[in-house]
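*Asks:* Listed below, chain by chain, are the residues.
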Amino acid sequence: MPSHEDPAMRTGTVYTETVIYSAPEAFLNDVPYQTAIVSLDGGIGRVTGRVIGDRVVIGDRVAEVEERGGVPFFRKATE
Amino acid sequence: MRPVAVVGLGKTPFGAFPDRDLKSLAVEAGQKALHSAQVTPQAIEAFYLGNFAGPSFVGQNHLAPYVSTALGIRGVPATRFEAACASGGSALFHAWAEVAAGIYDVVMVAGVEKMTSQTTARVSEILAGAGDCSGEMKAGNTFASLFAMIARRHMHDFGTRKEHLAAVAVKNHANGALNPDAHMRKPITMEQAMAGKLIADPLNLYDCSLISDGAAAVILAPLERAPEFTAKPVRILGIAQASDYVALDQKDDITTFPAVRRAGEAAYRAAGVGAGDIQFAELHDCFTIAEIIASEDLGFVARGEGGPYAFEGHSARDGWRPINTSGGLKAKGHPVGATGIAQICDVALQIRCEAGARQIPRHSLGLAQNLGGSGATCVVTILSEA
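These protein sequences, in sequence, are chains A and B. Each residue of the first sequence is one higher than the last, beginning at -15 in our numbering. Each residue of the second sequence is one higher than the last, beginning at 33 in our numbering.
Just so you know, not all the hints are guaranteed correct.
Stated by the list, open to error - Restraint-style ranges between C-beta atoms, simulated for each label pair: (1) A:Gly53 to B:Arg335: 29 to 39 Å; (2) B:Pro393 to A:Gly53: 47 to 57 Å; (3) A:Gly29 to B:Gln70: 48 to 58 Å; (4) A:Arg39 to B:Arg217: 30 to 40 Å; (5) B:Tyr277 to A:Arg39: 23 to 33 Å.
Hints were generated in silico from the structure; no laboratory data involved. No residue lacks a Cβ here, since even glycine has one placed at the ideal position from N, Cα and C.
Please put together the full structure from these sequences, using the hints given.
*Replies:* Here it is in structure tokens:
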């Protein structure tokens, strides 16, 4: 059961996404990178985060793999 | 509440002006507005300034008296309004309210932004301050990427296509080419618009408005006193401001802007008109998808049909209801704090039959929609012949 207290366990579905090619100063070295709004399982709302690994599209299942500076990083779920 | 009119207007050209500072731009627009209303600075009873990020862009705060005193407007209340890209509209709304309530008779509302002295990456960072910096922006988003995510979802839910977005860019560039004050006076083809450099997929360079310097100003007065100032007053028939969440991920549905719908409905009610009566509009096309969604939220078309509507030419200058005959933020330029006031000037110019090569035949009832951030503030103004 995913729990809000344990963000590393959060899973969800991609509500929308984009791949960014023109970044603010602080992210210039990351280009291109994907961000997404994820609808979290368990009806606990949506969260905006980064997607690492394979690119995702709307409807894809994702799992949170880490958190850096308060930003959740998701990866496409394998199941 | 008493009826209020725009009795004077002025704006600078929009563009990249390395030799101009914020103050000189605002003063030029203000002086043109004073001249247009044939009033002296001493006649102005209050000053309202729309400005998004002067402190970040040019390092100057306390901007309202900084500008008003340079215009020779001294001693009266001078206040800055900040509501991201709707800063100008918000200043106008509050100025209108105070004139309509009878607190003041003759006031000036100006908007200004000086953006091009910063690099594009730094501008992105400053603009990002209009989003939620504790969440979405910390993840590396830009305003382009927020609207790219909105576009993606709109495409997913309604079948909106990249061609529909491009059609908005082609149309607004065609209009901007006829506007001597526009930042970008270059028509583009559909092929160019489709093949622009990617900024945030699916948005490319041609889907994004410009980083510009510029200022605009209007003088407001009670309608009954309008003939003292001009032979061509433009009446503010209805105006409303509304708000919503700043963060995109807090909204139930990002393909519609509740603040636009609320402000639109309130403005229509105040004006006693419906969406079908509006003959032309200046809509906030910070990104092409934003114009498409605004046309839906304001009831010009049904939800999801904004893309095909633009693609089929209904919003072109020779279409049934022209949108952004000025070139919009896309081609006219988007000096953030000036935009909401420039939209009012552009609608008023059409109503006064002073729009030059871009003048349209049906021009007695127009609407301006000014959006802040990714939809957290919206101001809708309906203007008509007096």
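*Asks:* Run the structure past the numbered hints and jot down the numbers of the failing ones, going up.
*Replies:* Violated hints: none at all, because every hint is consistent with the structure.
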